[in-house]
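Those protein sequence lines, which keep their order, are chains A and B.
Read the first sequence against my numbering and you will find it ends at 112, with the numbers running on by one and no gaps.
Read the second sequence against my numbering and you will find it ends at 230, with the numbers running on by one and no gaps.
Wrong hints could be hidden among the right ones.
Said to hold, decoys possible - Computed cross-link-like contacts, DSS-like style, restricted to lysine-lysine with a CA-CA straight-line distance of at most 30 angstroms:
1) B:153 / A:111
2) A:68 / B:153
3) B:126 / B:167
4) B:176 / B:153
5) B:153 / A:37
No wet-lab data here; the hints were simulated from the structure.
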Amino acid sequence: QQPVQSPQAVILREGEDAVINCSSSKALYSVHWYRQKHGEAPVFLMILLKGGEQMRHEKISASFNEKKQQSSLYLTASQLSYSGTYFCGTDLGSGNTGKLIFGQGTTLQVKP
Amino acid sequence: GAVVSQHPSRVICKSGTSVKIECRSLDFQATTMFWYRQFPKQSLMLMATSNEGSKATYEQGVEKDKFLINHASLTLSTLTVTSAHPEDSSFYICSARDSPGLSTDTQYFGPGTRLTVL
Numbered sequence: 001q002q003p004v005q006s007p008q009a010v011i012l013r014e015g016e017d018a019v020i021n022c023s024s025s026k027a028l029y030s031v032h033w034y035r036q037k038h039g040e041a042p043v044f045l046m047i048l049l050k051g052g053e054q055m056r057h058e059k060i061s062a063s064f065n066e067k068k069q070q071s072s073l074y075l076t077a078s079q080l081s082y083s084g085t086y087f088c089g090t091d092l093g094s095g096n097t098g099k100l101i102f103g104q105g106t107t108l109q110v111k112p
Numbered sequence: 113g114a115v116v117s118q119h120p121s122r123v124i125c126k127s128g129t130s131v132k133i134e135c136r137s138l139d140f141q142a143t144t145m146f147w148y149r150q151f152p153k154q155s156l157m158l159m160a161t162s163n164e165g166s167k168a169t170y171e172q173g174v175e176k177d178k179f180l181i182n183h184a185s186l187t188l189s190t191l192t193v194t195s196a197h198p199e200d201s202s203f204y205i206c207s208a209r210d211s212p213g214l215s216t217d218t219q220y221f222g223p224g225t226r227l228t229v230l
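All chains, full assembly: derive it from the sequences and hints.
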């Protein structure tokens with residue numbers, strides 16, 4: 001039931017773009033995106049809801065394809081501060097239980 | 113955004129001792145809090161759901177007698193790791209939702225507690 005993220009790791013130069021995908025084998029109610037820096041807690045980026053519109057956080061946006069049961073995170077003109085591990089989380093239940101199951105993470109490294 | 117705190121941030125203890133970790137929602141009330149565990153270079157794994165005024169619910173494979181959870185008030189949940197062993201060493205993170213029931217509710221994470229059992 002754990003969502004699958006791809007790619008596992010990305011290395012970028014500052015200013016380049018990246019896409020991180022999150023796929024689930026079960027129907028999704030919502031997808032939550034977080035970024036975690038080493039040794040710190042995850043920081044909320046955005047939540048996408050079934051039937052909702054594409055969301056945006058600064059130069060980071062995300063989409064949610066209910067039919068394909070997947071979400072994609074788009075990082076545009078990446079900055080050094082974007083480095084970290086990105087996790088997508090989906091609700092463990094059939095609705096909005098708040099119990100999140102996270103993907104294995106995608107490590108993003110932005111170099112100068 | 114809402115703020116969730118955890119205490120302590122880091123603890124080192126001897127094998128066999130018990131450790132208590134506190135999770136507080138500082139600027140909102142949380143009827144439900146969640147406890148996660150994260151091993152190095154791995155994802156976050158949900159351990160249990162902490163419910164104010166009732167018993168916690170545990171995920172499959174998590175021993176409820178080993179990981180005692182108490183949700184004493186609408187702003188405080190505690191996780192006690194009893195008789196800790198080296199394999200319990202991990203990063204423990206709590207989270208709380210600021211608007212449960214609403215479709216847009218967001219889950220905020222505390223800063224985490226790094227437990228090292230010697």
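Quick rundown of the hints versus the structure:
Among the hinted pairs, residue 153 of chain B with residue 111 of chain A is consistent with the structure: their alpha-carbon atoms are about 21 angstroms apart, no more than 30 angstroms. The straight-line distance between the Cα atoms of residue 68 of chain A and residue 153 of chain B is roughly 28 angstroms, inside the 30 angstroms bound, and the hint therefore holds. Distance check on the hinted pair: residue 126 of chain B and residue 167 of chain B sit about 28 angstroms apart at the alpha-carbon level, within 30 angstroms; holds. With a CA separation close to 25 angstroms, the supplied pair residue 176 of chain B and residue 153 of chain B stays within the 30 angstroms bound.
A C-alpha spacing of about 11 angstroms is found between residue 153 of chain B and residue 37 of chain A, which places the hinted pair at or below 30 angstroms, so the restraint holds.
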